[in-house]
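Residue 1 is where the sequence shown starts when you use full-length UniProt numbering, and the numbers rise one by one after that.
By construction, these hints were calculated from the structure, which means they are not laboratory data.
Check before you lean on any hint, since a few could be wrong.
Said to hold, decoys possible - With a straight-line Cα cutoff of 20 Å, these simulated EDC-like cross-link-like pairs (lysine to aspartate or glutamate) come out: (1) K140 / D130; (2) K28 / E120; (3) K89 / E133; (4) K210 / E18; (5) K89 / E105; (6) K146 / D114.
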Amino acid sequence: MLTQEELLQYSRHIILPEIDLEGQERIKNSHVLIIGAGGLGSPAAMYLAAAGVGRLTLVDDDHVERSNLQRQIIHRIGALKLPKVVSAKESLNNINPNVDIRAIEARATIDLLDELLSSERYSAVLDCTDNFETRFMLNKASVRTKTPLVSASAVAFTGQLAVFNLEPEHACYQCLYSDNELPEGDCTAQGILSPVVGTMGTLQATEVLKIILDLSYPSSSFMMNYQSLHSEFKTFKVKKDPNCTVCG
Numbered sequence: 001m002l003t004q005e006e007l008l009q010y011s012r013h014i015i016l017p018e019i020d021l022e023g024q025e026r027i028k029n030s031h032v033l034i035i036g037a038g039g040l041g042s043p044a045a046m047y048l049a050a051a052g053v054g055r056l057t058l059v060d061d062d063h064v065e066r067s068n069l070q071r072q073i074i075h076r077i078g079a080l081k082l083p084k085v086v087s088a089k090e091s092l093n094n095i096n097p098n099v100d101i102r103a104i105e106a107r108a109t110i111d112l113l114d115e116l117l118s119s120e121r122y123s124a125v126l127d128c129t130d131n132f133e134t135r136f137m138l139n140k141a142s143v144r145t146k147t148p149l150v151s152a153s154a155v156a157f158t159g160q161l162a163v164f165n166l167e168p169e170h171a172c173y174q175c176l177y178s179d180n181e182l183p184e185g186d187c188t189a190q191g192i193l194s195p196v197v198g199t200m201g202t203l204q205a206t207e208v209l210k211i212i213l214d215l216s217y218p219s220s221s222f223m224m225n226y227q228s229l230h231s232e233f234k235t236f237k238v239k240k241d242p243n244c245t246v247c248g
C-alpha cells in the first residue's frame, strides 16, 4: 500500500491511466539491478529512484574522479575519490529516502553476477558498463535466470539502447555481436557529449519502468540508435541467432 506521502509524491504517475495506483504499487515492489554507476547508471538510477522503485542494487568498483563530473551527474565535487557506489547511494537517498539502496563496491565478475541474479528475482538488470567483457558476462547471467536486460552505450555524439531477454524466444545480447565483430572505441579515446550519455541512461530507466508495468513493447528484442548531431532515432529488431552459444 502507498502512504499518503507517496500518493502525493507519485501523483503525476498515478493520474496516468496506464499506471494508476496498481502500477505505482508494482513500481514500489520492484527490485532493479544496475551494473555501473557512471554516465549511464547515473541518470538511470536517479530516475528509477525518483519514480519510486522499491529496491535498487548498484554494482561498481570504481572511484569518483574529476573527469567523471562532466557527465556522471549522480556524483558531486565533494565525492571525489569516494567509491562511486557510496557517492551514488548518498545522492539517491537525497532524491528518495524511501528507496532501499544496496551498494556493492566490487567488479562485476561472472561469479558475482551469477550470485546476484540467482539469489533473488529482479524486475530487470541494467547494463551501464563500458566494456564488452562485462556485457557478455551479464548477458549470460540474465539469460540463465530469465531476467530482462536493458543495455546502453554512448560515445562521441552517438548512443545505442537495446532490450533483450524479455521472452526465451527473443534474441539475447550475444546474438547481436560475435566476439570477432565488436565495434571499436570508447569515450576515453573518442570523447563524449555529456547529454548523449544522459539521454541513453534516461531511456534505460524508461524501458525498465515499462517492463515493471507490463506496458506494450516490441514483440522481439530491439535496438535503438541515436545520432545527436542529426537529431535522429532509428529502431530495428534484433533477430535470434539459432546458433547462439548463449541462448540458441
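Now for the hints, and whether the structure bears them out:
{"no.": "1", "hint": "K140 / D130", "verdict": "holds, 17 Å"}
{"no.": "2", "hint": "K28 / E120", "verdict": "holds, 16 Å"}
{"no.": "3", "hint": "K89 / E133", "verdict": "violated, 26 Å"}
{"no.": "4", "hint": "K210 / E18", "verdict": "holds, 10 Å"}
{"no.": "5", "hint": "K89 / E105", "verdict": "holds, 11 Å"}
{"no.": "6", "hint": "K146 / D114", "verdict": "holds, 12 Å"}
The structure does not agree with numbered hint 3 stated previously, though it agrees with all others.
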